[in-house]
Amino acid sequence: MSQDILALIKENVVQGRINKEDEGMDEGMEGTPAVMELVQQALTDGIDVQKIINEGLTSGMDIVGQKFEEKEYYIPDMLASAEAVGAAMEMLEPHLASSGVEPKGKILIATVKGDLHDIGKNIVSILLRGAGYLVKDLGNDIDDQTIVDAVKEEQPQFLGLSALLTSTMMHMKDIIKSLNDAGIRDNVKVIVGGAPVSEQFANDIGADGFGADGFQAVSIVQSLGS
Amino acid sequence: MGIIRKGLPGGSFKPLSEQDIEKIHNTVLQVIEEIGFQVNSEDARQYFKQTGASIDEANRIVRLPRKTVMDLISKAPSEFTLYGRDEKNDIHLGGSRVYTGTGGTALYIYNPGSKEKRLASLDDLKKIAKLVGGLDNIHLLLLPTYPSELPVNQIDVNRFYAGLNNTSKHIMGGVYTLEGIENVIKMAEMVAGGKEQLRKRPIISMIACCMSPLKLDEHYADMMIAIAKAGIPLVCPAEPLCGATSPITVAGNVLMQTVDSLMGVLLTQIVNPGTPVIFGSVATSTDLRDLKYLAGSVEMGLTNAGSAQMAQFYKLPFYATGGMTDSKALDSQSGYESAITNMLCALAGSNFIHDSAGLMEFAMTVCLEKYVIDNDILGMVMRAVEGIKVTDETLAFDLIKKVGPAGNFVTSKHTRRHMRSEHYEPTVSDRNLREDWDAEGGQVAWERATILVNQIIESSDYSLPEDTKKTILSQIPGIVV
Ligand code: B1M
Numbered sequence: 001m002s003q004d005i006l007a008l009i010k011e012n013v014v015q016g017r018i019n020k021e022d023e024g025m026d027e028g029m030e031g032t033p034a035v036m037e038l039v040q041q042a043l044t045d046g047i048d049v050q051k052i053i054n055e056g057l058t059s060g061m062d063i064v065g066q067k068f069e070e071k072e073y074y075i076p077d078m079l080a081s082a083e084a085v086g087a088a089m090e091m092l093e094p095h096l097a098s099s100g101v102e103p104k105g106k107i108l109i110a111t112v113k114g115d116l117h118d119i120g121k122n123i124v125s126i127l128l129r130g131a132g133y134l135v136k137d138l139g140n141d142i143d144d145q146t147i148v149d150a151v152k153e154e155q156p157q158f159l160g161l162s163a164l165l166t167s168t169m170m171h172m173k174d175i176i177k178s179l180n181d182a183g184i185r186d187n188v189k190v191i192v193g194g195a196p197v198s199e200q201f202a203n204d205i206g207a208d209g210f211g212a213d214g215f216q217a218v219s220i221v222q223s224l225g226s
Numbered sequence: 001m002g003i004i005r006k007g008l009p010g011g012s013f014k015p016l017s018e019q020d021i022e023k024i025h026n027t028v029l030q031v032i033e034e035i036g037f038q039v040n041s042e043d044a045r046q047y048f049k050q051t052g053a054s055i056d057e058a059n060r061i062v063r064l065p066r067k068t069v070m071d072l073i074s075k076a077p078s079e080f081t082l083y084g085r086d087e088k089n090d091i092h093l094g095g096s097r098v099y100t101g102t103g104g105t106a107l108y109i110y111n112p113g114s115k116e117k118r119l120a121s122l123d124d125l126k127k128i129a130k131l132v133g134g135l136d137n138i139h140l141l142l143l144p145t146y147p148s149e150l151p152v153n154q155i156d157v158n159r160f161y162a163g164l165n166n167t168s169k170h171i172m173g174g175v176y177t178l179e180g181i182e183n184v185i186k187m188a189e190m191v192a193g194g195k196e197q198l199r200k201r202p203i204i205s206m207i208a209c210c211m212s213p214l215k216l217d218e219h220y221a222d223m224m225i226a227i228a229k230a231g232i233p234l235v236c237p238a239e240p241l242c243g244a245t246s247p248i249t250v251a252g253n254v255l256m257q258t259v260d261s262l263m264g265v266l267l268t269q270i271v272n273p274g275t276p277v278i279f280g281s282v283a284t285s286t287d288l289r290d291l292k293y294l295a296g297s298v299e300m301g302l303t304n305a306g307s308a309q310m311a312q313f314y315k316l317p318f319y320a321t322g323g324m325t326d327s328k329a330l331d332s333q334s335g336y337e338s339a340i341t342n343m344l345c346a347l348a349g350s351n352f353i354h355d356s357a358g359l360m361e362f363a364m365t366v367c368l369e370k371y372v373i374d375n376d377i378l379g380m381v382m383r384a385v386e387g388i389k390v391t392d393e394t395l396a397f398d399l400i401k402k403v404g405p406a407g408n409f410v411t412s413k414h415t416r417r418h419m420r421s422e423h424y425e426p427t428v429s430d431r432n433l434r435e436d437w438d439a440e441g442g443q444v445a446w447e448r449a450t451i452l453v454n455q456i457i458e459s460s461d462y463s464l465p466e467d468t469k470k471t472i473l474s475q476i477p478g479i480v481v
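Protein sequences appear in the order of chains A and B. As numbered in the working numbering, residues 1 to 226 make up the first sequence, in order. As numbered in the working numbering, residues 1 to 481 make up the second sequence, in order.
No lab work stands behind these hints, which were simulated from the structure alone. All figures in this text were calculated on a predicted structure; none of them were measured in a lab. Treat the hints with care, as some may be off.
As the list claims (entries may be wrong) - Taking lysine-lysine and the DSS-like style, the derived pairs with C-alpha atoms no more than 30 Å apart in a straight line are:
(1) 117(B) - 315(B)
(2) 173(A) - 292(B)
(3) 186(B) - 113(A)
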């Protein structure tokens, strides 16, 4: 029984279905329970939360990753699966502590002040959620102080900053400086990205990591987190 | 030298049928009426309010009835001229007449003759202005790079000064600050010879973006208002990206581009009815592998051709995007992507094809040699736009009769009379015999282009009159010389 439902969760992650109304990759799946309904069912059935995550969600995402590598899946397929996992993780969050599961970590993400480019940041957010992180997206055109205040309040393990303009990227430097001034720089790892941002720039402004694309963003967060 | 082809009527390529256009148009109006768009500038919302629009203040959503939309569109001029400092460079936008220009705003430039790129500087921008000034098939200069060494409050004045002082072609550019807009207009007035002269013969125009999907940003809407009030021509382009900020389908992308650019057009016509505004498209597709923005896809050409038809339907001058490549080198990919997208835009009758020369790798980098190569692509494209002229003179029955069977046309006057105007003479293409090509060092296209780049930049001696320069430098703060 528990095996069945975990296999179904896994399959539905691969299909990229959040709710039962969703269509999948394969025909005729509309109306059948999807990740949200199945995870709810698994909780009601008392299945171990760690098991739901490992054998249902994560192993589903592993297959999605493989399919992407093999060019069978495109990014919208991957994002659909990542969103399903993200939604499931939000649902599981209140149960993590009582089940003794270490949460993977919280990430605050924003596009800096004066910058309206948010497609890249949104993709990064979805991929991070899909990798099991709790992502709080502050939006775009966010001023330095709001970001620093949010770090104080939310106490995330990571702060992700995105900028696509040379005229806005220096905000990243200013934000890091403000974190320093506020004495909270060491509490949070800062990851930066966006078209004009480079590894070199990230080093120069004292960021902890840089992602050239969404996948690199996830792997750098993973490597900094462990 | 051959003739320069510009402003010729395109429109032979029509990817949309009349029913398609009607259906898109109805959906455009339905989106604006039912869904509405978000207007984040308080001033802009006030302007929309004046038209009797329904405003949802809590969500900053503006919805306009169909009739208001069509009334406002009809206030926008369907034809106007972007002037050059030199009359021969004037651009008469409207109808299906086709012109070309550069585009931006790239961060990087290739080191000439290499695959290495570096941050672009103000000096590079001046060089590009000189180069474009000398390339006949690029009809206006859209300021293509961002001088990386300057702080943002000095960007606008320096970019426009670099353009105005190095070519007599019309200067169009994106703007970054409200103060910058003000100073750039002042500077252009000095060059034009006064406030009124600039309004009569606008030698500059500006770009302020609409945000896809369905959003007018606060800062950009405020800039649109400022530019429209100042009576300077402007473009309100929208950049929907298939699958990211528009539906994945080409039709959905054309729809989104139309609605989104119209948001800007409508605003300018409320602020200052009759403002010369260009309906603009930077629409394109994305890389399905990672949703990257693409600059050289065939779908980009197709979308922009479709949008040209929508512009013609609304009788609004159209700014299309084409001619770029995603390649990192001047290889065959860079040639075919630039050629295909430019060709589709041009044959559809796009009034002004922006980005049509010089841009590579996702619009991030410019390349001097590519301007020269694209100048040739555009020459060929414009020749295709011109089409086939059929008259008694071109059919030449009398001549054929005179030459007769087994004769030839080599020495006929008719040949000499028509050869220069009938055939495009490329500047970079190699048409040498193998022996001659070998003897000249067996150079490939980009190597030949490097030589032309240097020749053109070195031979350019254009600059503003000394006294105009003096006035500008003494009155406009922040210009670096
Ligand atoms: C936290 O850790 C991380 C880690 C990795 C991170 C990360 C954070 N953030 C991103 N990543 C990385 O992972 C993502 C996923 O793989 C990647 O994100 P990307 O964002 O790179 O990739 C996305 C998936 C797809 N890419 C994009 O979405 C950006 C594409 C390009 C073409 C682009 C777009 C689409 C837009 N633009 Co603009 N735009 C350009 C861009 C050129 C380019 N090729 O990048 C660029 C950045 N824009 C530019 C310009 C000039 C402008 N734009 C403007 C406006 C816009 C639109 C609104 C029309 C639109 C944005 C729509 C939106 N909702 O985001 C204006 C500025 C608006 C503003 N204040 O922000 C305006 C100023 C234009 C004007 N004249 O008004 C240029 C910048 C030049 C410069 N010197 O800074 C530009 C390079 C294009 C060009 N050549 O002109 C990685 O970078």
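Structure-based check of each hint:
1. 117(B) - 315(B): The hint is violated at about 41 Å.
2. 173(A) - 292(B): holds, 26 Å
3. 186(B) - 113(A): The given pair, whose Cα atoms are some 28 Å apart, holds under the 30 Å limit.
Checked against the numbered hints given earlier, the structure breaks only hint 1 and satisfies all the rest.
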